[in-house]
Amino acid sequence: MVMTRRGVLTGAALIATLAAGIPAATAQDTIKVGVLHSLSGTMAISETTLKDVMLMLIEEQNKKGGLLGKKLEAVVVDPASNWPLFAEKARELIAQKKVSAVFGCWTSVSRKSVLPVFKELNNILFYPVQYEGEESERNVFYTGAAPNQQAIPAVDYLMSKDGGEVKRWVLAGTDYVYPRTTNKILEAYLLAKGVAKEDIMINYTPFGHSDWQTIVADIVKFGSAGKKTAVVSTINGDANVPFYKELANKGVKATDIPVVAFSVGEEELAGIDTTNLVGHLAAWNYFQSVKDPANAAFIKKWQEFTKNPKRVTNDPMEAHYIGFNMWVKAVEKAGTVDPDKVIAALPGTEAPNLTGGISKMLPNHHITKPVLIGEIKADGQFDVVWQTKGLVPGDAWTDYLEGSKDLEADWVGKKCGNFNTKTNKCGS
Amino acid sequence: MSKHANRSALASLALALLLVMGIAASPVRLAAQTLDAAFDRLAADSFSDTARAIDDLAASGAPQAESLIEALGARRLLADKATGTIAIQTPAGALLDARTGKPLASPPPGLAVVRINNRLRSAIDAALGTLAMVSPDRSKRLVAAEALFKSRKASDLAPLDKAIAAEKDDAVRSAFGKARSAIVLADDKQPLADRVAAVQSLAEWPDSDTLGFLRQVQASTQEPALKQSIETAAVAIEHRRQLLSGLQNVIYGLSLGSVLLLAAIGLAITFGVMGVINMAHGEMVMLGAYTTFVVQEGFRAFAPGAFDLSLPVAIPLAFIVAGTVGIAIERGIIRFLYGRPLETLLATWGVSLILQQVVRTAFGPTNREVGNPSYMSGAFDLYGISITWSRLWIIVFTLTVFFSLLFVLKRTRLGLEMRAVTQNRRMAASMGIRSARVDALTFGLGSGIAGIAGVALSQIDNVSPNLGQSYIVDSFMVVVFGGVGNLWGTLVSAFFLGIANKMLEPVAGAVLGKILILVLLILFIQKRPRGLFALKGRAVEA
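For the protein sequence lines, the chains are X and Y, in the order given. First residue of the first sequence: 1, per our numbering; consecutive thereafter. First residue of the second sequence: 1, per our numbering; consecutive thereafter.
These aren't lab readings, by the way, just hints derived from the structure by calculation. Errors might be hidden in some of the hints.
[Unchecked claim] With a Cα cut of at most 27 Å, we get these calculated DSSO-like pairs of lysine-lysine:
hint, chain 1, residue 1, chain 2, residue 2
1, X, 221, Y, 227
2, Y, 102, X, 227
3, Y, 81, X, 253
4, X, 250, Y, 189
5, X, 377, X, 227
6, Y, 153, X, 221
7, Y, 81, X, 291
8, X, 221, Y, 81
9, X, 253, Y, 189
10, X, 405, X, 112
11, Y, 81, X, 377
12, Y, 189, X, 228
13, X, 329, Y, 153
14, X, 184, Y, 227
15, Y, 514, X, 161
16, Y, 81, X, 167
17, Y, 81, X, 228
18, Y, 153, X, 228
19, X, 161, Y, 102
20, X, 227, Y, 514
21, Y, 410, X, 161
22, Y, 189, X, 377
23, X, 228, X, 193
24, Y, 514, X, 228
25, Y, 150, X, 227
26, Y, 150, X, 167
27, X, 119, Y, 227
28, Y, 153, X, 167
29, Y, 227, X, 300
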């Protein structure tokens with residue numbers, strides 16, 4: 001097909017008018033919020049819940065009168081646990097649906113996949129899951145835990161008297177970026193704390209690993225060297241159920257070899273009989289069992305919204321709760337949903353969390369959160385056995401790795417996500 | 001329960017009498033004092049106070065100490081900080097005042113479970129061990145022996161010696177003996193000769209707890225003689241385990257192989273015998289697992305006592321559910337696509353996505369809890385190799401299914417018709433076999449067996465809509481490697497792959513091990529495209 005230059009121009013003009021005209025008309029009625037969570041595929045198990053919680057939060061905000069005098073409208077897309085599709089769907093949300101902000105992603109690889117899109121089209125992503133750190137982007141707000149808000153305090157707890165004064169460590173994880181980076185940080189941290197190299201065992205398994213006989217036997221063998229041993233688990237997703245079933249059946253008790261997990265919450269435990277897992281640990285910034293009026297109200301609303309009186313809540317849900325409320329406040333403060341103005345307004349914004357504190361967005365786009373250690377109870381809930389005195393500020397760049405300990409993220413003063421304090425330059 | 005109530009009633013009566021008689025500082029009164037102090041500490045609900053309360057309770061000698069500590073460990077002990085009330089919740093749910101033993105008339109609003117953590121759990125086990133070594137209940141004494149072995153308190157030695165002298169049961173006495181050796185070895189005030197002797201007797205228990213304990217003493221002791229004797233004992237245990245690790249890998253490999261075989265066996269029929277590339281095979285497994293879930297929910301709701309029967313009930317139901325769906329798929333879709341493998345592949349893949357989404361909509365995207373019946377829980381020790389019952393039963397179950405299937409194929413009329421139709425459809429049809437009906441039944445049989453596999457896999461894996469996806473690749477791998485159309489080939493290939501995988505895993509790690517297996521498989525298929533046991537003769541062309 002041959003097209004004249006004029007034809008192309010007219011067409012382009014027409015499209016431009018359409019693009020400018022139609023969304024402008026609808027934008028006056030509603031503010032659109034993108035929800036980018038997998039509703040099918042392997043990650044649906046975790047992410048569907050987050051889609052539902054976003055719908056609930058938006059519905060509630062609308063009941064309160066919406067935002068800036070307009071109603072909010074959720075735009076839900078399904079990236080189907082397919083990492084490249086995340087980028088396509090993000091583009092669709094921003095370029096076609098004209099959303100003002102996006103709440104989404106679970107795995108780090110999906111976040112990495114959408115980053116260029118958010119940079120190019122200049123929009124805002126709220127990322128609600130605990131992750132490996134080593135990143136701070138202008139367009140992303142990290143409402144989940146950085147390693148210093150989950151992994152490091154958990155290890156500190158196990159080293160303490162209450163945690164059992166652990167001397168020997170198994171770092172077991174699924175083979176992808178989050179466990180690998182977290183374990184690298186933890187290994188550096190343990191070595192710095194004087195743990196000998198031969199007292200650390202690192203083990204990786206593929207996604208969906210279901211035969212844990214050899215690894216559990218190895219863990220028991222590693223634990224029979226006469227020193228208190230613990231397992232730090234960054235095992236992710238579906239592999240956890242067979243892992244815990246094997247542990248329970250092999251009789252590995254929490255009083256002998258405790259397992260502290262960073263990716264196992266109330267939702268994951270819902271699929272396991274926990275009677276034999278009592279006492280194994282998880283480190284999070286929120287547990288459903290936390291006694292707090294705001295939490296009680298949230299759980300009640302959630303169970304009403306899902307029409308399921310047994311539906312559980314978990315940590316990433318709380319992260320969306322905090323992130324959404326921060327976004328609402330920042331939009332109100334900026335008086336517009338323009339991404340540049342909202343990004344500028346977000347640092348310093350405060351919103352209550354569900355554990356009785358007020359979380360604050362920091363200049364490095366991470367938030368302050370308390371760190372809680374919970375022990376698994378027989379009913380699949382957690383009993384909080386330890387928590388930090390106050391809120392811990394999220395640190396984007398860990399202090400325990402060469403290369404990232406001199407870096408600092410500051411989007412307010414320095415306008416930079418990786419400012420090197422040694423060379424005083426932006427960019428490592 | 002009533003025994004405790006009686007005892008505590010007697011104790012309080014005795015206490016009252018003694019008080020009336022004005023006898024001060026009697027043991028009973030002392031017990032009452034430490035008991036009160038323990039109650040106050042429990043009411044504070046801080047971990048350090050609770051730890052001291054456990055020690056006080058254990059040392060008090062009060063008759064109700066054991067039930068109190070037990071309640072604490074089972075999270076049935078409640079306390080109210082404001083009023084200092086301590087209550088025991090009976091398994092039935094009633095609240096008893098722990099101080100008086102009477103039902104609590106008006107529970108204060110602040111009453112909450114006294115929290116425990118792992119450190120306290122160990123302390124509770126140790127305290128119960130001390131208290132229960134003279135229990136009339138044999139199983140309690142065995143648990144106590146294990147707890148004493150783990151806590152190794154020097155103060156337990158004298159009462160333990162008494163308990164050993166009074167013990168009639170051989171197994172318990174032997175377990176007590178192990179605990180005694182551990183206590184002697186752990187206590188550096190004991191004479192060196194006794195401690196060395198303790199090492200010798202502990203060496204007869206080659207489990208990992210003992211090994212860990214020996215290594216721990218070895219690291220802490222200053223006595224060179226003791227260090228030396230521990231080294232000899234520990235090395236002997238380690239050497240023995242090293243020898244056994246080969247056997248362990250084979251057993252774990254058999255177990256993995258049986259899971260692979262179970263998942264693949266249905267596919268060996270639909271793909272191997274019929275030649276249909278059925279991508280929805282994994283979803284048949286998933287349907288079987290969800291059938292188990294539904295059956296168990298039914299048992300939980302209507303007959304919780306007969307929960308152990310849920311699996312025998314689920315097996316035929318899973319066969320029927322998955323088999324019916326299989327027949328529906330064959331009649332509805334596949335029969336129009338015979339001889340067109342690419343279209344079959346795409347169509348069945350579509351079916352698999354539909355089935356997944358249907359289950360996701362009906363049961364939700366999250367994992368469903370499928371419980372292990374008692375005979376599927378726990379593990380047993382075989383010469384130091386720990387094998388879980390669930391895995392052992394799955395091996396037995398898989399072989400049963402395999403041989404039943406072989407019987408159906410070789411010895412029944414249906415099997416004969418199946419073989420006839422797959423070998424030469426037109427000839428079979430002209431002999432009066434209704435080939436369409438046989439196709440449907442064959443597909444239904446393959447699918448039904450996949451459903452049965454789902455019942456077994458629900459015991460060791462997730463029950464989620466994605467369950468089938470994780471097995472489909474492995475299943476095809478097993479069938480292709482074994483040689484399409486040959487059931488024995490499937491059996492050999494599943495066990496070979498399982499054992500090879502488990503042999504490679506300790507050396508190369510789980511990730512690399514799996515990659516290596518796949519690479520080897522590719523090389524093998526290059527050499528022998530028809531798999532281990534290729535069909536020969538005219539069947540090949542059919």
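Of the numbered hints stated earlier in the document, which are not met by this structure? 2, 3, 4, 8, 9, 13, 14, 15, 16, 17, 19, 20, 21, 22, 24, 27, 29
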